[in-house]
Every structure is written in structure tokens, then in C-alpha cells.
Amino acid sequence: MPNYTLNIRRYSPESGEPAHWEKFEVEMEGHRPVLDAILYARNKVDGSIGIRCSCQAAICGSCGVRINGNPALACNTLLRDAVATAEDGITIDIEPMGNMPVIKDLIVDMDAVHWKKVQRVVPWLIPAGEPPEREYVVPHEAMVDVTQTMACIHCGVCVSDCLSMEADPDFVGPAASAKAYRFVGDPRDAATKDRLVHLAEDPSGIYDCTHCFKCVEVCPKGVAPMNQIMRLRRRATGDFQIKDRNNGYRHEKAFVNIIEKWGTLHEAKLLPDSYGEGLLGKLNPEAQKNLIGSAPTAIRGVLSGKVAPIKVLHHHKLPDQKKVKDIYEKIHGRDERIELNLYIVGEDADALEESAAVAVTEEGTS
Amino acid sequence: MTVGIISKIHPVRSHSNAAQGGINAALNPDDSWESHAFDTVKGSDYLGDQDAIAIMCSEAPEEILHLEHLGVTFHRNDKGLLGTRAFGGASAARTYYVADITGQAILHVLYEQMLKYDDKIDRYEEWFTVGLAIDDDGRCTGAIMRNIRDGAIEVFRAKTVILATGGSGQIYKPTTNALVCTADGMAMAYRSGAALMDMEMIQYHPTTLLGNGLLITEGARGEGAHLYNAAGERFMEKYAPNKMELASRDVVSRAEQTEINEGRGFPDGSVHLDVTVVPKKRIHEALREIVMVGRDFAGIDITKEPIPIRPGQHYIMGGIKTDVDGRTDIPGLYAAGEVACVSVHGGNRLGANSLLDTLIFGKRSGAHAAGVAKSMNMPSVADSQADDVRNEIQAIIARDKSGGRRVSDIKDELGEMMNDKVAVYRDEEGLKSALEVVKRLQEESKTAWIDDAGTIFNQDVLGAIELGYMLDIAETIVMGAIERKESRGAQFRTDYPERNDEEWLKHIDIKLKDGTPTIEYSPVTITQWQPQERTY
Ligand SMILES: Cc1cc2nc3c(=O)[nH]c(=O)nc-3n(C[C@H](O)[C@H](O)[C@H](O)COP(=O)(O)OP(=O)(O)OC[C@H]3O[C@@H](n4cnc5c(N)ncnc54)[C@H](O)[C@@H]3O)c2cc1C
Ligand code: SF4
Ligand code: SF4
Ligand code: FES
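Which chain is which? The protein sequence lines are A and B, in order. Residue numbering for the first sequence follows the numbering used here, starting at 1 and increasing by one per position. Residue numbering for the second sequence follows the numbering used here, starting at 367 and increasing by one per position.
If we strip away everything but chain A, and leave its shape as in the complex, we get (with noise of 0.2 Å):
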């Protein structure tokens, strides 16, 4: 049987030492769960290792950590696909997860982050007016739609590495946000537009986000905390015209616009877009700290290797506008918005591949 190394980050407030990793040997199978070995060396050697574990399969959240520096459940991760992360081969590398504080070992306070961010999206159905006698009716599509953030767990693993709010502590966050849209996006739900407006107006709200994709790579649960950020900015703007003060609204247009434009990014021109003539200087204070806090955040992530820098932003021109016309004139032309939805991984997969390996194909042709 192989032999693994766990190297544990250990910290005990009780024992006035400072934090410590400390090595375990373990010999297990590779296919089983990280949490497991972890377990062992509770069980045989050391009975004071801290860490919050219980279903061992993935659904009570409990046991987000970082493991090799990226975070994750220690229950869903085999131990033959950590040993792969590991920069010596070797040692598995065990630690809390971030962007909350550590209560002992691999131990984190979630209550005062991410529970408190969960609060203030005040998270529970707000419908209109009493119920009806029997359930309320509502297309299959759209409890599917939501289903896809009723599956986040909480189990901190997005919080832990999130960009924006290491940078801006305040910062809803993806799962506090990801809980925002399973209400926005649930039909009985009432209170929609208050949501978005209190979502889009909170300087540290859905535009805090540095759509770093960090969130979406490591949640364990498909939740894709950082879509339903964008899904809530788009019925923020689209469905609803919020002109909020952080700027979001125009942000969008100036992006929407220039793209229609130009058929690529052109970032020298997005800044003054957004902002307008002359608006920078009645930004609200605190917009401007966050917009500006941003950018080096975003490089900082680049540069660190956290963020994956996004190909589609790299393409400086576009050879045909006419086709990004074309788009445009389709999406324009819909009477309604079609929303993606991300929820059933792999569904039709097959025939994704077919329509990608199509559209490749019409590419190489025209």
C-alpha cells in the first residue's frame, strides 16, 4: 500500500505556541478520501488533531481546508490526486482555509465570515401576501434553475480564496451572493427587486467581485458562486435598470458597447466609458476606493498564479465585426432573455462537444 505524508498545519491557542506544521505517516489506498487519512492519524497517533468532519460523502460542508494551497474538502479529495498538487511528490500539505480565523488546527470561525455575510442577504422566501391553498405553481425549469445554489452546503471553500474579499473584507462573497440568487431567482419569491437594489448599492456588494473564476474552479458542489453573481447583475441592469452608485450599471453598458463596437475588449477606453465624462469626480468615495482597489487585486491574482488569465479577453481583433453584429442583432431580437443554465453538468455533453467540434468546422471555412 502506498505511503503518504500529511503535513498538518497545527495550531493550539491553549498552548501559547504559534502555529506548526507537523508531519503524519500514513499508509493507505490512493483512492481513498484525504479526510480519511486524516482520520487515521487522529485515530492511532495523535486524538487531538481538530477538524470538523461528519457525512464523509460531500453534503454536511463541514470539512473545507487547503490542501496543497487550493481549498477544498478534505472528504472528496483522493489521496492520489493530492499527492499529484504536492510540490515535493511527496507531502500533502494540510491547512485551514482563509479569509477566516483559525480556532485551532484546521479548525476555522465561519460563524463571524462567512455566516454573517450568509445573514445579511437575508436568506429565507419572502413571498407575496399568504399562500395559496395548495402549492404554489411555477415552471420545473425555474426549481431546477435554483436548485443549483439550494446545493451549496456552506461549506467555506469558495470564501476561503476568494480574490476580492481578501482584498475588500466586507465583500458579500460568492456563497453569501450564490444564497442571494436562489431567492432572486425562485418565482414565489416577492421581494426581488429589494434584494437587487440592496445587492447592486452595497459598495462591498455584486460588483465587488473581480470575476476571478476562483470560486467556480473549487466548489465542490457545481454552485458556480461566481455565475450567479453575474445572473444577479444582470437582472440587476437588464430586468430591472438598478443605476446603482458603484457604477455597475454603466460598467455593463460600456462593456456591452464596446464589444458591439470594436468586437474585442478595448480596456483603455472601458474605464472612461463606464464612468463617463466628467463623472469620476461625483463618484461616491467609496466606489472609487473599490474600483480602484480592484485592479491591483486582479493583476496581484494574475500573477500569483490564482487566476487563470481569461483567453477570451486576449483576442485583440476580431476578424469579421460583421459576425458580432450578427450576434447582436440576434440577442436584441429576443423577446425574452435566455439564461444559461449551468446546474446540469454535463447534461448534453455529447452534444456539445458536436456543436464545438461544428462550430470549429464553420470556422475553418469561412
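Be aware that a few hints might be false.
The calculated lysine to aspartate or glutamate pairs, modelled on EDC-like cross-linking and capped at a C-alpha distance of 16 Å, are [stated by the list, open to error]: (1) 44/A - 779/B; (2) 44/A - 817/B; (3) 647/B - 141/A; (4) 482/B - 189/A; (5) 851/B - 861/B; (6) 261/A - 194/A; (7) 445/B - 36/A; (8) 877/B - 899/B; (9) 851/B - 795/B; (10) 445/B - 135/A; (11) 116/A - 778/B; (12) 116/A - 503/B; (13) 877/B - 695/B; (14) 243/A - 189/A; (15) 812/B - 766/B; (16) 44/A - 778/B; (17) 767/B - 329/A; (18) 604/B - 628/B; (19) 851/B - 810/B; (20) 539/B - 36/A; (21) 44/A - 775/B; (22) 729/B - 516/B; (23) 767/B - 810/B; (24) 851/B - 880/B.
Hints were generated in silico from the structure; no laboratory data involved. Fair warning: this is a prediction, and the values are worked out from it, not measured in the lab.
Using the hints provided, position chain B with the ligands relative to the given structure of chain A.
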């Protein structure tokens, strides 16, 4: 009046999360609660109390609507009305569901409601109940708690106390139950003098993942998945020609175990569950969690390959004996959910009836307990009770490590032994040796030691307390299994292979009397459904 909710883990981490498949109710106009009740009675192998079953099934539709109104994202049919799926042992498709995260969705929505009524409910998250406070008249007047965050021991006074501490699957290894399911509530009530009922009735779920015992929801079979042995036979044809894979759980689990025991299983000791017969789109929409379980925990793509499975410990039908308002033998003490035994499940629980049990009798207990609380004064609890607990914990921490065994070693031995001797098939000899092992482990647990001497998040010491709970409850499970000399529901005795209504159509109660576990019997309530032979 104030309400406090105490949980040893954050409430949304509770094990109800794990309920994937759904929740039963006869809500469709062409279904009836009587049909649901009959299925439940038959599923219970006639050991369920029919008055309690009638209450549960007739109140179920309203409860589903209540949950829907609170915000549970139940999936719909094409008319936008609540949608259903088929489940085992049921004569109609009456299982309401949220993809395969039904329990999680309900639990999270109830937590949302707790946040909404923040000013009316005090939440004690990550507090561990160590014992119940019982006054000189034998009334429950509160409980003793340890704040896991800082180790402080505190007395909570209460006019009424409701235990909703869940199941006890960790007595078995492997199990589908989470690490927190350690029989705490059952043991605390039992130690305080309450009766436990039908403890021998342990459910083995037919489809648990080979290896780690993770559950593959019955919803998979509900959506149409098949079971195959190594010869490629759909073997349920032999055991339940009508219901096939959707017979009652005890029936399917025994069929699988028989196939495996008689050499028709796969070499790794499994049979196969084939989900690939379900349309792919439906799998991704309705069995999403199982796709992830297959991928993350077994390394297989369930849309393309069969899943190696076997029966695994899953649920306890027995528990603290209560009436239909959740009242136990101890005045002021209530129990609801998996910890309790009303009994609606009798010898075998139907899939998707447990969340329902939890909700219906949880609500009834709450209403009754509140009614009682309104008409009384706050009782007092002697401080000495807290001192006793403090001393007990200090004593565990101070145990000598040179002798004795590790707490975790004893727990492992218990779990493996129970899964070997008190499982799908049982006999007198195996059960008697099981009882001896439990008694030896009880002795050994008195000197079992731990490593952590701290106060902040000392999970080690909690583990030692939980081991004590599990050993007490394991003893009652084995005693019940020895006592019931027949085969009914989940109890299959190879030495008494028939159901024997004449002698054993009765509940087995176990109670501590002067420190000794004592067996008594109580009658099964039969109203309109006379016992019949049970075929599927
Ligand atoms: C994998 C799996 C799938 C299932 N699927 C279904 C299904 O599809 N449909 C269905 O109806 N049923 C299903 N069940 C059964 C059902 O989920 C459980 O029986 C039910 O959820 C139990 O709920 P409960 O409220 O009694 O306990 P739990 O949800 O386990 O809650 C117990 C609570 O008590 C607290 N607690 C325990 N001990 C202490 C203590 N000492 N101090 C303080 N707090 C304590 C815990 O922290 C927890 O909050 C399934 C079970 C499993 C294991
Ligand atoms: S995409 Fe936005 S919300 Fe997600 S981690 Fe990055 S900054 Fe945070
Ligand atoms: S969104 Fe995903 S990563 Fe974030 S808390 Fe929820 S489940 Fe965890
Ligand atoms: S132990 Fe429950 S999510 Fe990992």
C-alpha cells in the same frame, strides 16, 4: 416563553442532509393517505402502530405544502405542480423530491426560517449535550451542556426538553450514517430511565457503495435502475416478481445478501446497480448527487458503468419509546425523529418515510411541549449535576495512557463486530457472542484514554463520551435481537426463519431498572389492517 436549539454541530451540518431520495405524502388527488398508511403498515411487517401511522400519513400532505410554502424547492411536473418519483414498497409514486438533495433542501430551508425568527429562537451551535437533568420526582428539568468552543459546562434549565438527536449508525462499521450519529439521545434517555423500543430493528439499505459504504439513493431504482448478479441475471425476479427492485428494503437487502452468500455475487463481494438504463438527461437532472458520488468516491461514470454495491447499515427503526405527541416515559422529556420510536416504521422503514416521521412528530412534540410549558413555572436544576459532569470529563482526560486501549480502537472493534454478527442474517450463537463482546468493550471503555487535554474544541473527549453512549445502545440492540425469536422486517433469524404473529406480534421494550437492562413487552396497536403474509 423562549426556545433554545442546541446542536453539537452547526445545524445545517446535521445528518438529515444525507437524505437524498425524498419525502412521502399522498398529495395527488388520485392517491389516498390510507394507501400510504397501508404500504407503511405492510412495510413495517405489521409491527408499526397503526394509530401513529394513520396520523403520520394523513398529516403528510399538509406538511409537504407547508414546506413548499416556506421555500423548499421541490421539483415540479410539466404543469408546474409538485412532481413525484417512485420509491420502494409504495403502491403509488408519492415521493416528493428536490433533485437528490431533498434532506439538504428541507434542512437548509428550516434553518432559513430559524434565522428569520432570530429574535424568538436562541441558537446554541456547537454545544454538546452531556446529560439530562432529572429532579427528585423523576421529571426532566433541563440538560447539561458543554460549549465545544471553550469547554465550559453549563446547566440549561427547561420546562420541557425535546430530544431530536438522530440515529446511531456509528455503532456499525461501515454505515451510511455520518460520524455524528452516535446514539447520544437514546443513551441519555435510557440512562435516565426511559424505555427503548424495538431496538433490534436495524435497517440495511440495499444499495451502499462497496468499500466505504456510501449510500446510493433508492431514487436510483425509483428512476428505473436495475440490479444484476455476476451472471448478469436481474435476480429480483426470483424474490419479488411484481415489485422487482422496488420491493421493501429488507426484502431487497436479503436478496442481495443471499446472492452474495451463495456465490452469485462479483468476486469483490458486490452485486451491480445499473443506472445506465435511465436516460442520461434524467440522470443529470434527478441523480446529480449520485453522479458526483460515483465520480469522487468510486472513480466511475455512473451514466456509463454499473455501480458495485452491497447492503449496508442505514437506519434504526427502534428508539426511545414515545406516544403520538412525542412523550417519553419521563415527564417533561420528548423525543422525535430517528432517535424516537413511535412506532411508525415497525420492523422495516419504507424509503422516504423517515424525513416525514421527523417532521410530523417533531411538530407534534413541539406543540405539546409548548402547551405544557405555558402552564408551568421554570424548574430548577441542582448545580451539583454540572459538577458531576465536570468531574467525569476531568477523569476521562486524566486516564493513564500506559494501560487501557484507545477510544477509537474500541469503537472500530464494536462497529466491525456488529456488522458481522448483528446484520442482515442473525442467529442465537452469533448474537450471544456479540453480547459478550459488547460487555467486554463496556468494561474496556472505562479505562480507554484520549490524547487531547485541552478545553477549546476538544473533539477527543467528546469521542470518549459518545463511545459510552454507543456501547449502551449496542447492548440493547443485541438484547432485542436475542429476545425476538422470529423473523420479521429487518430481523431475520436463520434459527427462526418464520414470522410468528402468535407469539411475537408485540414490541420489545428495554429499560434500565436499578442499573440492569430489563425487558418488557407492549402491544402493537392494530386498527384496520390485519396482519397478512407479505409479498412484493
Ligand atoms: C444516506 C442517507 C440517506 C437517507 N435518505 C432518506 C430519504 O431519502 N428519505 C427519508 O425520508 N429519509 C432518509 N434517510 C433517513 C433520514 O435522513 C434520517 O432518519 C433523518 O434525517 C433523521 O433526522 P433527525 O432530525 O432525527 O436527526 P439528524 O438530522 O441526524 O439531526 C440530529 C441532530 O442532533 C444533534 N445532536 C446529536 N447528538 C447531540 C448531542 N449530544 N448534543 C447536541 N446535539 C446533538 C446533531 O448535531 C444534529 O443536529 C436517509 C439517511 C441516510 C443516512
Ligand atoms: S469570482 Fe468573484 S466571488 Fe468568486 S472568488 Fe473571484 S472575486 Fe470572489
Ligand atoms: S458555493 Fe460551493 S464552495 Fe462555496 S460554500 Fe457553497 S458549496 Fe461551498
Ligand atoms: S465530512 Fe461532510 S463535507 Fe466532508
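Against the structure, the hints:
1. 44/A - 779/B: 14 Å, holds
2. 44/A - 817/B: Roughly 10 Å between the alpha carbons, so the hint for residue 44/A and residue 817/B holds.
3. 647/B - 141/A: Given that 16 Å is the threshold and the Cα spacing comes to 13 Å, the pair holds.
4. 482/B - 189/A: 15 Å, holds
5. 851/B - 861/B: 8 Å, holds
6. 261/A - 194/A: Judged against 16 Å, a Cα distance of about 34 Å means the pair is violated.
7. 445/B - 36/A: At roughly 45 Å apart (the allowed maximum being 16 Å), residue 36/A and residue 445/B break the hint.
8. 877/B - 899/B: Status violated; Cα separation ~31 Å.
9. 851/B - 795/B: With a Cα-Cα distance of about 13 Å, the restraint between residue 851/B and residue 795/B holds, given a limit of 16 Å.
10. 445/B - 135/A: 12 Å, holds
11. 116/A - 778/B: Judged against 16 Å, a Cα distance of about 38 Å means the pair is violated.
12. 116/A - 503/B: Between residue 116/A and residue 503/B the Cα gap is close to 43 Å, so the pair fails against 16 Å, i.e. violated.
13. 877/B - 695/B: 10 Å, holds
14. 243/A - 189/A: The given pair, whose Cα atoms are some 22 Å apart, is violated under the 16 Å limit.
15. 812/B - 766/B: Holds, because 11 Å separates the two Cα atoms, which is no more than 16 Å.
16. 44/A - 778/B: 11 Å, holds
17. 767/B - 329/A: The hint is violated at about 77 Å.
18. 604/B - 628/B: 14 Å, holds
19. 851/B - 810/B: Not OK: residue 851/B and residue 810/B at ~30 Å, beyond 16 Å, violated.
20. 539/B - 36/A: 14 Å, holds
21. 44/A - 775/B: Roughly 8 Å between the alpha carbons, so the hint for residue 44/A and residue 775/B holds.
22. 729/B - 516/B: The hint is violated at about 32 Å.
23. 767/B - 810/B: 13 Å, holds
24. 851/B - 880/B: 26 Å, violated
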